[in-house]
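K.L.:
Chain residues, written in single-letter form:
2 protein chains.
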Amino acid sequence: MNDEFYMQHALREAEKAYANGEVPVGAIVVIRDRIIARGHNQVEKLNDPTAHAEIIALTSAFNYLGAKYLPDATLYVTVEPCLMCTGAMYWSKLGRIVWGTDDEKNGHARITGANWPFHPKTIVEKGILADDCAALMKAFFRERR
Amino acid sequence: MNDEFYMQHALREAEKAYANGEVPVGAIVVIRDRIIARGHNQVEKLNDPTAHAEIIALTSAFNYLGAKYLPDATLYVTVEPCLMCTGAMYWSKLGRIVWGTDDEKNGHARITGANWPFHPKTIVEKGILADDCAALMKAFFRERR
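For the record, the sequence lines run as chains F and D.
Going by UniProt numbering, 132 is the number at position 132 of the first sequence; the sequence numbering is gapless.
Going by UniProt numbering, 35 is the number at position 35 of the second sequence; the sequence numbering is gapless.
Calculated directly from the structure, the hints in this document are not laboratory data.
Same chains, same names: a pair is fine if it fits in one copy or spans any two.
Derived lysine-lysine pairs resembling DSSO-like cross-links, with alpha carbons at most 27 Å apart:
#: 1; residue 1: Lys-68; residue 2: Lys-121
#: 2; residue 1: Lys-16; residue 2: Lys-105
#: 3; residue 1: Lys-16; residue 2: Lys-45
#: 4; residue 1: Lys-16; residue 2: Lys-138
#: 5; residue 1: Lys-93; residue 2: Lys-105
#: 6; residue 1: Lys-138; residue 2: Lys-93
#: 7; residue 1: Lys-121; residue 2: Lys-45
#: 8; residue 1: Lys-138; residue 2: Lys-68
#: 9; residue 1: Lys-105; residue 2: Lys-68
Same shape as in the complex, but just chain F (with noise of 0.2 Å):
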């Protein structure tokens, strides 16, 4: 299967999210062409706003693996991960990170610039369906503006 696939699962978790009146951002893991983990957005459910998709879903797999690193695995993500998630990122060692869409005011490269906030091994990509990304998050925030 190809990123566009995994994207569209991610997706689909950030259509939840949407759903539930949530930032509409999902993440999944996937190791050897199988997902073992899916997270959406829920800070609102369980007022914690460090409820994020990306930290739900590794939580997930660290606990579904019985391991602390993940470096054979892919998290999908349909938004650009902030400073929190990164980090997080960094922690699990993941193989290969991929996101959708770039966010401009929380994502963590308006932090962390040039410097290089992953693993050393890490391989990050982005753009991947990232127009149908985008369009969730602008649609979320238009209802509420």
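Fit chain D to the given chain F structure using the hints.
P.N.:
Okay, now just chain D, sitting in the frame of chain F:
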């Protein structure tokens, strides 16, 4: 009570981590001279590289208060927060953050540089009981060498 008093309590949390074979970092959350949450590093115990002292203390504080922002709270942590914990503190909108010793390797400043990674209104102080906080870390890593 002053910052040294509360940092002593954070140090006691760090000592619990040390006794459990965990990197010795401890954190507490204080509102109006009352400790409302505590946390110590549980990465090994929980098999979760994101189970840092600060994250555990913050999650406990959200649960205790039923609130997802902590503008009236001070978080004390024995060691400079990493990128992940710094991001979690940003989302928490903490009133004040006080840490003990800097962490050249894993502290956020190595990545964030001159950019301010906390909430604009958050006050940050450091160096409180820095020698005690650093001594515990040094003892831990000396044993493991």
